[in-house]
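**Q** Please model the complete structure; the sequences and the hints are all you need to start from.
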Amino acid sequence: MAKFDLNDSSVVVIVGSGAGGGTLGNELAQKGVKVVILEAGPRIENHDFVNDEWESFSQLAWTDARTTSGTWRVAKDFSGLPAWIVKAVGGSTTHWAGASLRFDEHEFKVKTTYGNIPGANLLDWPVTLAEMEPWYAKAEDKMGVTRTNGIPGLPGNNNFKVLEAGAKKLGYKTVHTGNMAINSQPRDGRGACQQIGFCFQGCKSGAKWSTLYTEIPKGEATGNLEVRPSSMAIKIEHDAGGKVTGVVYADASGAMQRQKARIVAVAGNSIESPRLLLNSASTMFPDGLANSSGQVGRNYMRHMTGSVYAVFEKSVHMYRGTTMAGIIRDEAANNPKRGFVGGYEMETLSIGLPFMAAFLNPGAWGRPFTSALDGYPRMAGMWLVGEDMPQETNRITLDPVVKDKFGQPVASVHFDDHPNDIAMRTHAYKQGAAVYDAVGATVTYPTPPYPSTHNLGTNRMSEKPRDGVVNKFGQSHDVKNLFVSDGSQFTSGAACNPTLTIVALAIRQADYIAGAMQKREI
Amino acid sequence: MREVDRRSKHSRRVFLKGAATAVPVVAVATSAAVRIEDAWAEDASALSPATMKTLLKVARDIYPHDVLGDSYYITAIKPWDGKAAKDPSVKSLISDGIARLDQNARDRHKVAYAEVPWEADRVVLLKEIEGSDFFQKVRGDLIVSLYNQKEVWPRFGYEGSSAEHGGYINRGFADIDWLPKA
Chain A
1 MAKFDLNDSS VVVIVGSGAG GGTLGNELAQ KGVKVVILEA GPRIENHDFV
51 NDEWESFSQL AWTDARTTSG TWRVAKDFSG LPAWIVKAVG GSTTHWAGAS
101 LRFDEHEFKV KTTYGNIPGA NLLDWPVTLA EMEPWYAKAE DKMGVTRTNG
151 IPGLPGNNNF KVLEAGAKKL GYKTVHTGNM AINSQPRDGR GACQQIGFCF
201 QGCKSGAKWS TLYTEIPKGE ATGNLEVRPS SMAIKIEHDA GGKVTGVVYA
251 DASGAMQRQK ARIVAVAGNS IESPRLLLNS ASTMFPDGLA NSSGQVGRNY
301 MRHMTGSVYA VFEKSVHMYR GTTMAGIIRD EAANNPKRGF VGGYEMETLS
351 IGLPFMAAFL NPGAWGRPFT SALDGYPRMA GMWLVGEDMP QETNRITLDP
401 VVKDKFGQPV ASVHFDDHPN DIAMRTHAYK QGAAVYDAVG ATVTYPTPPY
451 PSTHNLGTNR MSEKPRDGVV NKFGQSHDVK NLFVSDGSQF TSGAACNPTL
501 TIVALAIRQA DYIAGAMQKR EI
Chain B
1 MREVDRRSKH SRRVFLKGAA TAVPVVAVAT SAAVRIEDAW AEDASALSPA
51 TMKTLLKVAR DIYPHDVLGD SYYITAIKPW DGKAAKDPSV KSLISDGIAR
101 LDQNARDRHK VAYAEVPWEA DRVVLLKEIE GSDFFQKVRG DLIVSLYNQK
151 EVWPRFGYEG SSAEHGGYIN RGFADIDWLP KA
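First to last, the protein sequences are chains A and B. Sequence positions in the first sequence follow UniProt numbering and run 1 to 522. Sequence positions in the second sequence follow UniProt numbering and run 1 to 182.
Hints are computed from structural coordinates only; laboratory data are not their basis. Check before you lean on any hint, since a few could be wrong.
[What the hints assert, rightly or not] Computed far set for chain B versus chain A, every beta-carbon distance over 10 angstroms:
hint, residue
1, Ser-45
2, Ala-46
3, Ser-48
4, Leu-56
5, Asp-61
6, Lys-78
7, Gly-82
8, Lys-83
9, Ala-85
10, Ser-92
11, Asp-102
12, Asp-107
13, His-109
14, Val-111
15, Asp-121
16, Arg-171
[What the hints assert, rightly or not] Partial chain B-side listing against chain A, Cβ under 8 angstroms, derived:
hint, residue
17, Tyr-63
18, Pro-64
19, His-65
20, Gly-69
21, Val-123
22, Arg-139
23, Ile-143
24, Val-144
25, Ser-145
26, Tyr-147
27, Phe-156
28, Gly-166
29, Tyr-168
30, Asp-175
31, Ile-176
Every value quoted in this text rests on a predicted model; they were computed, and no experiment measured them. Just so it is clear, CB atoms sit at the ideal spot from N, CA and C, and this is done for glycine as well.
**A** Okay, here's the thing in C-alpha cells:
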C-alpha cells in the first residue's frame, strides 16, 4: 500500500472518501496519479457494522457539533443534528440506501424549464444529460446498478408488495424494485443481497456498493492511493499566485500535519465542504477560498422529503429485506398543473422500532403516538423525495460562537422551505396515503422530514464565474488546481437520489484532471 | 406469513434483582410496609422511593403501551437515580418536577399524582407541564431508554439484528399473503 511523504507536492489530495472522493481517488489511482485521501472518520470494515440502529448511529454518524436555524422542523427537533451522514471511510456510501437513478433531461435545465420562480435561485447546469449519459453508463457499470447492464432487479419484499399493489390500484404505471446499486446476483467479487435489512446501518454482506470495499481497496491495490483515516482537514493553503499548495489536517492523535499537494479536491459533503472553504479564508481570499461569487455555502438543498407510514389489519413486517428496493416513478415528471414545478419519487422505506419512536413524530407522546407504534408490525412505509428549490438564503455559514475541538468554527445550517417545496410535500403526502388507502390501510401517518441525508448545492456549478463556485468539471472558477467532487457541486437537486450523479461526475472529473495534469495545465 | 413470537421472555427479572440487592427477599416479601413489586424503588439512593414510583407512573402515562408490564418502564427510568446521585442539578430536576406534579394533582384531585385514578386526568396534569425542562428531559430520555430495550422489540413485532441469522432471504422477507392480486 502506498505511503506518501507529507512534503510530496506531486500528489492529489482529496478531502473525503465517500461517493465523490472515494470514486475520484480510485479513478485517478487507476490512471497512475498519486492520491492521498484525508478522511475525517475511522476505518470500520463492513463485518464490524452492527444491525442496531442507535449503536450503529454511534459507530458511523457524523455527530460533531453543528448548529441550525430556519423554519424547518429539524431545527427544532434535532437542533444539533441537521444531517444524518457518516463520518467514516466510505463516507455516506456506508449508510446510503443504494437507489441509483439518472437525472431527467429537464433537471439539468431548471431555469429554462421552470422559468422565474420567486425566491428560487435557479440556474441551468453547465452540463446536459446528453453529455452525462456516457458517464452515467460507467457509473452504473461500476456500481452494478440493477436494471442496467443486464442485471436483474432485486426481489420485492413485503413492504414493496404493499406499495406495488396500492400503486397499481391507483393506476400508477412505473412501479418496480428500483435501480439499486445492490447486487441481485454475485458481481464484482461481492455476493448477492441476503435481505438483511439495516441498509442504513452499513451493509454487512457487502452486496450494496460502498467506496469502503470497492473503490478504495481497488485504488490502494494500484499502489497509487493512500487513505488516511481519522484525519480532519482544517485549512487549505495557497501560494502568492493564488494556487493551492496543500492541506493542513489534524491526524488521529490530534497533531496538526501539512500534506503538500499539486491539486486539492474537496469532497466532504455539502456541509463540511463549504465549511472548509470558508475556514480557509486568507488575506488574498478574505471571504473564503473559491468564493469570489459569494456563492460558497449558499443554495443549500436537502430535497423535499417526508414519509408516509400506513397501518393495516394484518402483518407486513416492513423491516425485513432491502430497505429501499421499491419505487413509484409516476410523479417524478415536471407537471406544473399539480401546483408546483419539479417532481418527486415514492420509494419504499422502513426504519426499526427504535428509530420509528424517534422520528415518527418527534416530541409527540400519549395514546395517539403509542397507538401508532403499536401498529409497527402491520406497518408499511414509503419515503417521498423530490426536487427542492435552491435559495440563496438557505446556506452553510461559519457559526460565530461554536468551535470544534481544534478551534475551528463549526458549520451553521440555515434552511427554510420554499413555497414550492411545501406544495410538493402536501401533494406527495396525499398521494402516498392514497397508495396505501387503496389496499386497505386503516390509518396513515404523514411523517416529517428526518435530518438531511441528501445535502446538496453549496458549491454549485455554473457556466459563468459570477453565478457559482465551480465550472462544469467541478474545477473552481477562482483557483485552477482546486476542485469540488461531491454533491455540493449540484446546480439543482433533481427529484431522484443523488449518489449515481455524484459518482458519474467523479468519474468524469478524474478523466478531466488526469488530462489536464498530462497537458501540464494544472 | 411468519409471525413474530410476541410473548414476554422478560418476566419479573427486574423486580427480583431489585429485591435481592436491597434486603433479603424473604424479609421484603413478609414485610407489611414494602410489597415485592415496590422493592425496585426502595433501591434508589439519590431519589426517594415515592419519587421513583411516581416517575414510573409518569413514564407509563407519557408512552402508554398496555401490552408492556411495568418492568420495561422501570428499566427505562431507573438510570435517573444514578444520574441524580452524580449530579445535584439532575436530582432537583426530577425531585422538583415530581413535587410540582404532585402539588398540581393535590390542588385538582386532592391526591398525589400517582393516586389520580384515571389516565385521562393524569394526562391533563402532564399537558400543563409539557413545556417544562423536567417533562422534556424525561420524555426525550424515554424515547431511547424505553424503545431501545431489546426485550421490548418482540412485543412490537420487531426482530432486531438479522445478519447473524442470514438475513431474511429464507425467513419471510416476501411472505405477505393477504394482498389483493396486483
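**Q** Look at each hint and say if it fits the structure.
**A** Now for the hints, and whether the structure bears them out:
With a minimum CB-CB distance of about 27 angstroms to chain A, Ser-45 (chain B) clears the 10 angstroms threshold, and the non-interface call stands. Distance check for Ala-46 (chain B) against chain A: the nearest CB is about 25 angstroms away, which clears 10 angstroms, and the non-interface claim stands. Residue placement check: Ser-48 (chain B) keeps its beta carbon more than 10 angstroms from all beta carbons of chain A (closest about 25 angstroms). Non-interface status of Leu-56 (chain B) relative to chain A is upheld: no Cβ of that chain comes within 10 angstroms, the nearest being about 16 angstroms off.
Distance check on Asp-61 (chain B): its Cβ comes as close as 8 angstroms (rounded) to a Cβ of chain A, failing to clear the 10 angstroms threshold; non-interface status is violated. With a closest Cβ-Cβ approach of about 18 angstroms to chain A, Lys-78 (chain B) is found to remain outside the 10 angstroms limit, as its non-interface label requires. Taking the minimum C-beta to C-beta distance to chain A, about 19 angstroms, the non-interface status of Gly-82 (chain B) holds against the 10 angstroms cut. With a minimum CB-CB distance of about 18 angstroms to chain A, Lys-83 (chain B) clears the 10 angstroms threshold, and the non-interface call stands.
In this structure Ala-85 (chain B) is separated from chain A by more than 10 angstroms, as the shortest Cβ-Cβ distance comes to about 24 angstroms. Every CB of chain A lies more than 10 angstroms from the CB of Ser-92 (chain B), the least distance being 23 angstroms, so the non-interface label holds. With a least beta-carbon separation of about 20 angstroms from chain A, Asp-102 (chain B) lies farther than 10 angstroms from that chain, consistent with its non-interface assignment. At roughly 22 angstroms from the closest C-beta of chain A, the C-beta of Asp-107 (chain B) stays outside 10 angstroms, upholding its exclusion from the interface.
Every C-beta of chain A lies more than 10 angstroms from that of His-109 (chain B), the closest at about 19 angstroms, which supports listing it as non-interface. Even its closest Cβ contact with chain A, about 21 angstroms, leaves Val-111 (chain B) beyond 10 angstroms, as expected for a residue assigned away from the interface. Look at Asp-121 (chain B): its CB is around 13 angstroms from the nearest CB on chain A, clear of 10 angstroms, so calling it non-interface holds up. The Cβ of Arg-171 (chain B) does not lie farther than 10 angstroms from every Cβ of chain A; its closest approach is about 7 angstroms, which violates its non-interface assignment.
Look at Tyr-63 (chain B): its Cβ gets to within about 5 angstroms of chain A, closer than 8 angstroms, so that hint holds up. With its C-beta approaching chain A no nearer than about 5 angstroms, Pro-64 (chain B) sits inside the 8 angstroms limit, and its interface hint holds. Taking 8 angstroms as the C-beta cut-off, the interface hint given for His-65 (chain B) holds, the closest approach to chain A being about 5 angstroms. Taken as an interface hint, Gly-69 (chain B) does not check out: its beta carbon lies about 15 angstroms from the nearest beta carbon of chain A, beyond 8 angstroms.
Of the supplied interface hints, the one on Val-123 (chain B) holds, with its beta-carbon coming within about 6 angstroms of a beta-carbon of chain A, less than 8 angstroms. Interface restraint check for Arg-139 (chain B): the shortest CB-CB distance to chain A comes to about 6 angstroms, inside 8 angstroms, so the restraint holds. Checking Ile-143 (chain B) against chain A by beta carbon gives a least distance of about 5 angstroms; that is within 8 angstroms, so the hint holds. Because the smallest distance between the Cβ of Val-144 (chain B) and any Cβ of chain A comes to about 7 angstroms, under 8 angstroms, the interface hint for this residue holds.
Interface hint status for Ser-145 (chain B): violated, as the beta-carbon distance to the closest one in chain A is roughly 11 angstroms, over 8 angstroms. At about 4 angstroms, the closest approach between the beta carbon of Tyr-147 (chain B) and any beta carbon in chain A falls short of 8 angstroms, and the interface hint on this residue holds. Taking 8 angstroms as the C-beta contact cut-off toward chain A, the hint placing Phe-156 (chain B) at the interface holds, the least distance being around 5 angstroms. Satisfaction of the interface hint for Gly-166 (chain B) is found here, the shortest Cβ-Cβ separation to chain A being roughly 6 angstroms, below the 8 angstroms cut-off.
The restraint placing Tyr-168 (chain B) at the interface with chain A holds, with a minimum CB-CB distance near 4 angstroms, inside the 8 angstroms limit. The interface hint given for Asp-175 (chain B) holds, since its Cβ lies 7 angstroms from the closest Cβ of chain A, which is under the 8 angstroms cut-off. Against a cut-off of 8 angstroms between C-beta atoms, the interface hint on Ile-176 (chain B) holds, since the closest Cβ of chain A lies about 4 angstroms away.
Checked against the numbered hints above, the structure breaks hints 5, 16, 20, 25 and satisfies the rest.
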